[in-house]
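Trainee: Given only the sequences and the hints, what does the whole structure look like? Please build it.
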Amino acid sequence: MIIRRRFTPLQRVLHWLMAVCILAMLFIGVGMVSTIMPKYLWLVSIHKPLGIAILVLALIRLSARLRFRAPPLPADLPEPMKLAARLSHYALYVLMIGMPLIGWAMLSAADYPIVLYGGVRLPAILPQSDSLHALLWGAHFYLAFLFFALILIHLAAALFHALVRKDGVFETMAPVPTHDEVAPAE
Amino acid sequence: MPQPLPSRSVFGSLALISVVVAGAAAAFAYTAGWFSPRRLTPDKVVDAFTPPTGAPLGHRRNHAKGICFTGRFESNGGGSALSRAQVFTRGQYPALGRFNLGTADPNAPDATVRVRGMGLRISTPDGQEWRTAMVDPPFFPVSTPQAFYELLLASASKDASAMRTFSGAHPEIAAFGAWAKSAPWTGSYAENRFNGLNAFIFVDNSGAEHAVRWSLLPAAQPVPVSPDDLAKRGPNFLEEEIAERVRGGPLRWTMVVTVANPDDPTADPSKAWPEDRRAVDVGTLTVEEIQPERDGPCRDINFDPTVLPSGMRTSDDPFPAARSSVYAKSYDRRTAEAKDYPRTATGANP
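If you're matching them up, the sequences are chains E and S in order.
1 is the number of the first residue of the first sequence in the numbering used here; add one for each residue after it.
1001 is the number of the first residue of the second sequence in the numbering used here; add one for each residue after it.
Keep in mind the hints are simulated off the structure, nothing from the lab.
Note that the structure is a prediction, hence the values are computed from the model and not measured.
Backbone N, C-alpha and C define an ideal beta-carbon position, used for all residues, glycine too.
Be aware that one or more of the hints could be misleading.
Not everything, but these chain E residues come out facing chain S in the computed CB check (under 10 angstroms) [as the list claims (entries may be wrong)]:
1. 33
2. 101
3. 105
4. 118
5. 119
6. 155
7. 159
Take a look, some chain S residues computed to stay more than 12 angstroms from chain E by CB distance [to be verified]:
8. 1187
9. 1271
10. 1291
Taking lysine-lysine and the BS3-like style, the derived pairs with C-alpha atoms no more than 27 angstroms apart in a straight line are [stated by the list, open to error]:
11. 1329(S) with 39(E)
12. 39(E) with 1232(S)
13. 48(E) with 1044(S)
14. 1339(S) with 1044(S)
15. 48(E) with 1329(S)
16. 1339(S) with 1329(S)
17. 1044(S) with 39(E)
18. 1339(S) with 1232(S)
19. 1271(S) with 1044(S)
20. 1044(S) with 1329(S)
21. 1271(S) with 1181(S)
22. 1181(S) with 1158(S)
23. 1181(S) with 1232(S)
24. 166(E) with 82(E)
Mentor: The structure is reproduced here in structure tokens:
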């Protein structure tokens, strides 16, 4: 049995790549729904393929997580913080995978063609439906704000570990290269 | 294991974390427009369409009154020199559309509405779609989406001077006013010419680009009828007439694509291009069947003019983007209000 002190390089690359993608995605999302300027079309044309890219990356990341697991949290971390960490990570995974699927389903329910780039299109995953469209639109909109709020909490917690507790939790996902991927179990 | 830290350093760190989080939240709120009350949003434009009688719940927020049709687009191959889109390859492609009136009131008497329109979707075997929403005026009333929003506000204003002020700031509206006064009315959608108005870019097989606008020219000969005579025909005479007419046989329009000269303005749909521009007859739209909107196949389609096959794209005309964002908002609202516009039959939706 080995216990990693850090996430694997694959997991760290996925984390930081997806951090950039998801932040861009959320900013593009709130920006595009609040403008009628020509940039609306440009933003929408990024939003769709980027969402599908995030879905693919999230599925790879989920399998990496199931395969390599996560380094243990510090033993002295108070139980409520451990619980909050666990629950918030579940929620982040649900949103990373769920939001693109909801968006895809929402466009399907509106009978819009789902164009990724030029002639590259995705099939509809739902039939046209007013009620499903309304439900999915509401979910996509409100969950985006929940997603951003969770990311802010995640960011605050990461900095708290890095700057205040200095307990090594931040370093488990730090973007810098490292040579001590694996340590014997304590 | 963490060591106890001096409190000053902890305080500084917590302050730094707060600044980072608050900064990120503020950037997000800024992007969402929460600090920009003057930003023109799709919600504002949709709200500006609201008639004094209230929003037409469950209906499109503009061009709210309409009737569905199905038929086909028969391409003669002439458009393939301009665009590589499959829809211009010689052949027949299914078409779905909607005749409509430019009003926010789904119960407006037909004779009271000056602008008539057609939404159209043509589907091709490669899985692509061409959606367009056209109207019968030969040019748009104003030059920019912002001006159109101001026009909506001015025409809804109780202040009698609002329209005068608007016309002073946007003199291009005068041409539209002249059209509205002098253009003949007809007794049938079948006799209307429908114009795309916005400029788009067609890309041909060699990659060359052509700025174009398109129109549907009716095969039926227009017969002018005075608005007073139309008013005597009943509130839904257009819908009744077109249904009756199509029962007697299919109706046809010729699709004509007009190609801009290099210096023609593409960004301003209030400026028609000169009559002598190259016009390419690309095919024929045949309307074969009429269905009431309530249970019809066009009801739940957003005729978003930016849904284009590859081989067509938007130009520097700012309207298609604005229309796309506003149509989407209208669609989002009306699909959430389906209970206010219930279907009468079940299973009518294909």
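Trainee: Would you mind marking each hint as holding or not holding in the structure?
Mentor: Outcome of the hint check:
no.	hint	result
1	33	holds (7 angstroms)
2	101	violated (19 angstroms)
3	105	violated (14 angstroms)
4	118	holds (5 angstroms)
5	119	holds (4 angstroms)
6	155	holds (6 angstroms)
7	159	holds (5 angstroms)
8	1187	holds (33 angstroms)
9	1271	holds (18 angstroms)
10	1291	holds (16 angstroms)
11	1329(S) with 39(E)	holds (16 angstroms)
12	39(E) with 1232(S)	violated (47 angstroms)
13	48(E) with 1044(S)	holds (24 angstroms)
14	1339(S) with 1044(S)	holds (24 angstroms)
15	48(E) with 1329(S)	holds (17 angstroms)
16	1339(S) with 1329(S)	holds (18 angstroms)
17	1044(S) with 39(E)	holds (17 angstroms)
18	1339(S) with 1232(S)	violated (33 angstroms)
19	1271(S) with 1044(S)	holds (26 angstroms)
20	1044(S) with 1329(S)	holds (10 angstroms)
21	1271(S) with 1181(S)	holds (18 angstroms)
22	1181(S) with 1158(S)	holds (22 angstroms)
23	1181(S) with 1232(S)	holds (20 angstroms)
24	166(E) with 82(E)	holds (16 angstroms)
In summary, the numbered hints that this structure violates are 2, 3, 12 and 18.
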